[in-house]
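*Asks:* Given the coordinates of chain A, assemble chain B onto it according to the supplied hints.
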Amino acid sequence: MSEKLLNWDEILIGGAIKDPGNSKSYETGSWRVERPVWNPESCIQCMFCWVYCPDSSILVDENGKMAGIDYDHCKGCGICVEQCPTKPKSLAMLLEAEAKGKSEEEIRKEAFSK
Amino acid sequence: MALLNELAKKKEGLVEGHRLCPGCTHSVIMRQVLAAADTDKYDIVVAAATGCFEVSSGLYPYTSWNIPWIHNAFENAASTISGIEAMYRLWKKKGRTDKDIRFIAIASDGGTYDIGLQALSGAIERGHQFLYICNDNNAYQNTGNQRSSATPFGASTTTSPNGTVLQGKSQPKKDIMSVLEGHHMQYLAQASPSNWRDLMDKAKTALDVNGPTYMNVIEPCTTGWGFPSNKSIEIAQLAVDTCIWPLYEIIEGKVKINYKPKNKLPVEEFLKPQKRFAHLFKKGNEHLIKEYQGQVDKHWEWLLAREASGIGY
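Those protein sequence lines, which keep their order, are chains A and B. Each residue of the first sequence is one higher than the last, beginning at 112 in the working numbering. Each residue of the second sequence is one higher than the last, beginning at 1173 in the working numbering.
One chain only, chain A, in its complex shape:
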């Protein structure tokens, strides 16, 4: 945690936190070893990845459709890939080391070539 710690007189009674959902600012994406890569072309928008994602990391647009992956918070557990029902799968795992420094297009190519 890089930010300044609170003084004793700044802490609310009972240790209350007045800013709901502020854990969004904590990026758990740095834990990831492998990243899921999404292929929108074969995706059927079943939203199983959304309902099974432990980290609320499936981005959803205003129509309730899948719009991508939140790499700031995705911990790379791989449940979305495992539960994707399309054949071939519309999500694939790729090692972070292999994705480093590559464009989105290249990453997608790399992930789905295996």
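Do not rely on the hints blindly, as some may be mistaken.
[What the hints assert, rightly or not] Within a straight-line C-alpha distance of at most 20 Å, the following computed SDA-like cross-link-like pairs (lysine to any residue) qualify:
no.	chain 1	residue 1	chain 2	residue 2
1	B	Lys1183	A	Asp130
2	A	Lys115	B	Tyr1234
3	A	Lys176	B	Glu1178
4	B	Lys1181	A	Gly175
[Stated by the list, open to error] DEER-style ranges, computed between Cβ atoms:
no.	chain 1	residue 1	chain 2	residue 2	range
5	A	Glu217	B	Ser1350	55 to 65 Å
6	A	Asp130	B	Gly1267	23 to 33 Å
7	B	Lys1428	A	Gly179	35 to 45 Å
8	A	Asn150	B	Leu1175	19 to 29 Å
9	A	Lys115	B	Lys1271	33 to 43 Å
10	A	Pro131	B	Lys1213	37 to 47 Å
11	A	Lys115	B	Ser1293	43 to 53 Å
12	B	Ala1245	A	Lys115	50 to 60 Å
13	A	Lys115	B	Lys1428	49 to 59 Å
14	A	Ile124	B	Ala1480	47 to 57 Å
15	A	Lys115	B	Gly1316	25 to 35 Å
Hints in this document: simulated from the structure, not taken from any laboratory. Where a beta carbon is used, it is the ideal one built from N, C-alpha and C, also for glycine.
*Replies:* Relative to chain A, chain B alone:
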């Protein structure tokens, strides 16, 4: 139940940034419950018992909750929520609020089967309106996998290890559903995050009951049970398909089984992918698997017979 696309548009009650292990289903269960809740009609207040989910979603100064959430101690999630509910009813009587608020208490198996049992029993007996959700991960996983009364037969934990004398836990799991059913509450259900539609229906039904309700949900733990993080939902599904974790409701004493697997799998299918059961597959331990299969079959047949009898209170 609405389509998933409709549910995905809703504002999430539990947000990202919590520090559960990758692949942990605590948050999956809670997201499904909160997605099912009709939040246009009512607000939700959550009380949590100490456990994995509490320490990872409420790590000061962060909170992953978009809704009011309170943590008190390990044993008293049910007492805490009953106090809040009692105050809400008083406020309503005095005209200080006209909001419709529903209450949820969440705990893991340690805070339900063992430590929180008396608080839960008391709160149910007093008849507060709340839904108690037990995310059953089969041991005290927060402190590093110690045996609880929810640990199944044969599972190896740090306090029931397998070795030359013992082969994992030698007692069967506590049947908490039967224990709580003795309170004659209106609605109890057992669910699994792998069957999300079933879980959502149950959560919605339970929140609309005017009285205490209980949901027992299986919560596969990647670190404690010993399987890869991407298999969590599959393991939950295997528990359902082997009838180790039957999906059923008890509505005013009447059992209703929600899912009967077409071909009931042998328990080995559930045991094999998990490290905590690896010793059961050693030579000479075949009788333990047979014994476990016997326990599971007996319970399943008892459930089927109860459903067929149709007897309630």
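*Asks:* Let me make sure I understand: some of the numbered hints might not hold for this structure. Which ones are they, in numerical order?
*Replies:* Violated hints: 10, 12; rest satisfied.
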